[in-house]
Each structure stands twice: as structure tokens, then as C-alpha cells.
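Novice: The chain contents come next:
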Amino acid sequence: MIDVRNISKCYADTLAVDDISFHVGKGEILGFLGPNGAGKTTTMRILTCFMPPTSGTATVAGFDIFEHSLEVRRAIGYMPENVPLYHDMRVHEFLDYRARLKGVPRKSRKKRVQDVMGKTGVADIQHRIIGQLSKGYRQRVGLAEALIHDPKVLILDEPTIGLDPNQVRQVRTLIRELGGEYTILLSTHILPEVEMTCGRVIIIDHGKIVAMDTPGNLTQHIREGSRLSLEVRGPGQEIQSAIEKIPGIVSVNRRGNGVSTFSVEVEKGRDVREDIFKTVAGNRWVLREMKTEAVSLEDIFIHITTHEQL
Amino acid sequence: MVKIAPLFVKELKSYFYSPIAYVMLVAFLAFNGFIFFLIMSALNDPRMPREGSAMQLFFGGTIFFYLLLSIVAAVITMRLIAEERKSGTIEVLMTAPITDWDLVLSKFFGAMAFYLFLWLPTLSYVAVLRRYSEIDLGPLCSGYLGIVLLGGMYISVGLLCSALTRNQIIAAISSFVIITVLWSLGIFRSFTTGTLAHGFFSYINILDHFFESFSKGIIDTRVLVYYMSSTVLCLFLTVKIVESHKWR
Numbered sequence: 001m002i003d004v005r006n007i008s009k010c011y012a013d014t015l016a017v018d019d020i021s022f023h024v025g026k027g028e029i030l031g032f033l034g035p036n037g038a039g040k041t042t043t044m045r046i047l048t049c050f051m052p053p054t055s056g057t058a059t060v061a062g063f064d065i066f067e068h069s070l071e072v073r074r075a076i077g078y079m080p081e082n083v084p085l086y087h088d089m090r091v092h093e094f095l096d097y098r099a100r101l102k103g104v105p106r107k108s109r110k111k112r113v114q115d116v117m118g119k120t121g122v123a124d125i126q127h128r129i130i131g132q133l134s135k136g137y138r139q140r141v142g143l144a145e146a147l148i149h150d151p152k153v154l155i156l157d158e159p160t161i162g163l164d165p166n167q168v169r170q171v172r173t174l175i176r177e178l179g180g181e182y183t184i185l186l187s188t189h190i191l192p193e194v195e196m197t198c199g200r201v202i203i204i205d206h207g208k209i210v211a212m213d214t215p216g217n218l219t220q221h222i223r224e225g226s227r228l229s230l231e232v233r234g235p236g237q238e239i240q241s242a243i244e245k246i247p248g249i250v251s252v253n254r255r256g257n258g259v260s261t262f263s264v265e266v267e268k269g270r271d272v273r274e275d276i277f278k279t280v281a282g283n284r285w286v287l288r289e290m291k292t293e294a295v296s297l298e299d300i301f302i303h304i305t306t307h308e309q310l
Numbered sequence: 001m002v003k004i005a006p007l008f009v010k011e012l013k014s015y016f017y018s019p020i021a022y023v024m025l026v027a028f029l030a031f032n033g034f035i036f037f038l039i040m041s042a043l044n045d046p047r048m049p050r051e052g053s054a055m056q057l058f059f060g061g062t063i064f065f066y067l068l069l070s071i072v073a074a075v076i077t078m079r080l081i082a083e084e085r086k087s088g089t090i091e092v093l094m095t096a097p098i099t100d101w102d103l104v105l106s107k108f109f110g111a112m113a114f115y116l117f118l119w120l121p122t123l124s125y126v127a128v129l130r131r132y133s134e135i136d137l138g139p140l141c142s143g144y145l146g147i148v149l150l151g152g153m154y155i156s157v158g159l160l161c162s163a164l165t166r167n168q169i170i171a172a173i174s175s176f177v178i179i180t181v182l183w184s185l186g187i188f189r190s191f192t193t194g195t196l197a198h199g200f201f202s203y204i205n206i207l208d209h210f211f212e213s214f215s216k217g218i219i220d221t222r223v224l225v226y227y228m229s230s231t232v233l234c235l236f237l238t239v240k241i242v243e244s245h246k247w248r
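As given, the protein sequences belong to chains A and B, one line each in that order. Counting along the first sequence from 1, when you hit position 253 you're at 253 in our numbering, and nothing is skipped either side. Counting along the second sequence from 1, when you hit position 48 you're at 48 in our numbering, and nothing is skipped either side.
Only chain A is shown next, with the shape it has when bound in the complex (with noise of 0.2 Å):
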């Protein structure tokens, strides 16, 4: 659906934009992960046609960016980040706006915009003037405002910054059921977001794809083996001697002395838990707690952005 070939940006002498290349498949949801200033937004703003590339191509829908720019503004919804509405219009009359802007046929138009509106959950507040509303409902709106000509593909730009929780849970539970229907790229900093609703992920740092795989693959890559987190009751530091002295362990980190937490490092492919609950156990020393811990995309992202590219 979206085929981006050697895309590079550069804003005067910055080169916001290096060289990036990806590909979406139909029904596909993307995450795109990255720092503030990664190019995240720069990449959004030229396949929707704001902006063109300093050099590359891209095709959306199998429409060229630049040749067949109309079709291809007429392939996407777009939710830009600040998410601009006008605010002296009523929602419904936003929406009815924005359907026959986009060309909705006049027909389905009064149905399309009350099924967008559903969907959306902004129904009851149609009558409302977009001024008065909050963020999240602000942000409903430009959801639909995206959705209202039925586009093959959606892009938007972090949909869920500055809504709070509940509102997060509904805009995601909103996103992964519009995945398989509709082709959704998205970007985002909230990485829980991207573990729960997308299927692959690109990691974009200084205008270059620094990773790109599903969340599943990527934390195979980093981890080399697993970490396990240990809470036990005894003196930290013989502790911390005596079970770095098994084998398999690579490092031991201690936090606290008289009930000290662990967080201990294991060399790929070696399960030494028992080994671990032995020394403790032997020593008369007691074992509150262990457990495996899995490698959160969090790990993932700063381990990327901070060291070289995977």
C-alpha cells in the first residue's frame, strides 16, 4: 500500500531525512517510534503530499506522491499532530464540510458522516462548536475528520499525546479494530502503544531507520539471554557474591540491604533459576520473590537510540 523508495529530507542544512526506505502491506498497522526532532513527522507530512522530498519516491495506493498528488491526497486520511480544527464550526458541520471537500458523494454523505461519528464516538456531542470541546474529544473529531472519505490508508501522527488514560485505551481499541480494513501508519512516543496495537515497528533516529521488525523480533535482538529480577531478605553484599559465582550469570545489580532486590543478567539459552533458589535456600537466606523479566520496547528504543544502529 505505501511504498517509500530512498526518501531524504533537507530543510535548508539540515538533513532532517536520510535516505529512508519501507514498505506497507495492505491492512497493515505500522508504528513508527522515534525521538522528538527523529523525522517522524517530516516522513508523514511527505507522503501526505504537504511537503515534497528533496530526493526519493514514493508511491501510496500505487499513486506517485508527486505525479498523482490529488489521488493520493484522496487515498489518505490524515490526523496531523496538533490536530487543527477550526473552532468557530459545530462538529457535524466540520464533518459535512470535510466529506464534501474530500468528495463524498451527496447521497451517502448525511450517512457516512452519523456512521464516522458513531464510530468516533463523538455523536452526542455533534451540536457542540469544536472550540468549547476538550482535547480528547478534539482529537475524536480529527479521527473522524480522517476517516470521513473512507481512505485506503491512514496516517496519524501521534493520535494519542495528551489524552489521558481511559481516552488512550478507547483511541487504541479504535485503531486496532480499523486495522485489516484500513492500512494505518501511526507514530507515536507512548511505546506500550506500539506493543499493543502494532504489527511491525521502524525505529527512525536522526532522519535514519535505525530498526525495523516486529516488537516480537526486535526484543530477541537486544536481549542476548534474559534477566531475572530476585528479591531476597539477607546481607546484600554476600548475596550479590555468592550468586555472581554461579554459572551463567553475566552481572548482578543490587538496590537495598536488608530485603535487597537483584536484577541479574543470564547468559543466552541457560535457565539457572534452580541454581539461584539452591544458593539462596542453602545459605538459610530467604527467597521473596523471582521472576523473569521481559524486555519492554522501552529497553528496546533507548538501547537503539542511545548506542549503534542493530
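For the record, the hints were derived by calculation from the structure and aren't laboratory data. C-beta: ideal position from N, C-alpha, C; glycine also. Worth double-checking, as some hints may not be accurate.
Unchecked claim - Some chain A residues close to chain B (C-beta under 8 Å, calculated; not the full set):
1) Phe-50
2) Leu-70
3) Arg-74
4) Arg-100
5) Leu-101
Said to hold, decoys possible - Below, in silico cross-link-like pairs of lysine-lysine (DSBU-like), each with a Cα-Cα straight-line distance of 30 Å or less:
6) Lys-246(B) x Lys-26(A)
7) Lys-110(A) x Lys-208(A)
8) Lys-152(A) x Lys-110(A)
9) Lys-119(A) x Lys-10(B)
10) Lys-102(A) x Lys-135(A)
11) Lys-152(A) x Lys-3(B)
12) Lys-111(A) x Lys-13(B)
13) Lys-10(B) x Lys-135(A)
Put chain B on the given structure of chain A with help from the hints.
Specialist: Leaving out everything else, chain B in the frame of chain A:
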């Protein structure tokens, strides 16, 4: 091109959503009413013999006319593109399947429609005059035509200034200045002697257009060309500027 209709309707409606429309309407009519009153008093005063009918003087006979129009054009166009750029709604507009011409023309026609709406109540002056004397329809129609054409030119200048900046005040002031310069340039006609310069300044002398042609019922095609070509030029430049924002 078909996209202009919804955009145009929205632009026109936008005028009435904000208090500016109503304030402007009241101020415009109050001012015009006052001018009309002054003209009538001047004409009725036997001590001051005057050439021309009331409507003739009304259309471009007094300096108030030009001053008022400069302000009106500057104020009704200042927000058109500047506000969109400032609030970010330009991004949503430009990622919709519309062309740059659609965008600019819809704003232009929206502003023109509002401008004409402002002038509509002045027809009541005509109704008032008719009760007391004969109205010569010819000069009346050409007078209003002059207003439409002049308005078109001023509004396209205002739109151009609005596209150049994000700040509405800057847009308003620059359009006011440019428009004022445009109608005062004609003065140089008296200062020049060479035929080329003299001819040029005569051609662009707006005051003359109104004094000599429009208010007398004469529709001079050279004058028509002047207004229409300037309007088209400004609109073209505006489209290019809107386009250029994409290149940066």
C-alpha cells in the same frame, strides 16, 4: 474546480461566525450613511455650487470612499490565509484533494461575496433618492460596476498580503499600505510632463476612473482591463506563494 463550491460556502459562513462581520457591517453602513448625508447637505447648500448628482459624488467623488474601501479590503482579507497558516489548518487543507487554485479562488470569491453583501444596503440610498427625483440608471449601474471591480482588485491585493505572512496584523497593514499607494499614484499625473510617464499615470489613476468614467455612465474597456488584469495577477501570485510553502 468543482471543489470551489464547498470551500466558498464555508468561507462565506466563516465571516458570519465571528463578530467581525457584524461590526464591519454596522461601521461600514454608519460611515457610508454619514457620507451620504454630507453629500446631500453639500448639494443642497446654495452657497456651494457643485457639479454632479448625489450618486456620482458618492461613487468615488470623495476621499472617504477610497479610505473606507482600503480599510474594508484590508480587514476582510487579513485572516484569509494568515490564520490558516498560524493555526495549522493549512496542513489539513493542503492535504485534502484540492488544487491550489481551488483554495485561492474560493477564498477570493468568499471575500468578494461578503464585500458585495456590505454594499447591498446602500441601494437604499437609491430608493430614498428616487422618491424625490429621477435617477439616471446608467451611471448608477456603472458606478456599482466600478465598485465591484475596484473591490475585486483590492481584495486580491489583500489576499496576496494574507498569504505572505502568518500574522494578521501585518497582512492588514501591508494591504492597506499597498492599496493606498495604488489609488494615490494617480497624483503623479500632474507632476509629469513626458508623454510616456503622463500616459502611464493617467492609466492607473483610479480617481480618474471613477470621476470620468464610472460615475458618468461610461464603461471604458481600458479601465476594465486594468482592474481585471491586476486582480488576476494578484490571484496568480497568491497561488504561487501558496504553492511555494510546499517547497520549503
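Novice: Each hint: holds or not?
Specialist: Hints and how they fare:
no. : hint                    : result
1   : Phe-50                  : holds (5 Å)
2   : Leu-70                  : holds (5 Å)
3   : Arg-74                  : holds (4 Å)
4   : Arg-100                 : holds (4 Å)
5   : Leu-101                 : holds (5 Å)
6   : Lys-246(B) x Lys-26(A)  : holds (28 Å)
7   : Lys-110(A) x Lys-208(A) : violated (43 Å)
8   : Lys-152(A) x Lys-110(A) : holds (20 Å)
9   : Lys-119(A) x Lys-10(B)  : holds (25 Å)
10  : Lys-102(A) x Lys-135(A) : holds (25 Å)
11  : Lys-152(A) x Lys-3(B)   : holds (21 Å)
12  : Lys-111(A) x Lys-13(B)  : holds (23 Å)
13  : Lys-10(B) x Lys-135(A)  : holds (24 Å)
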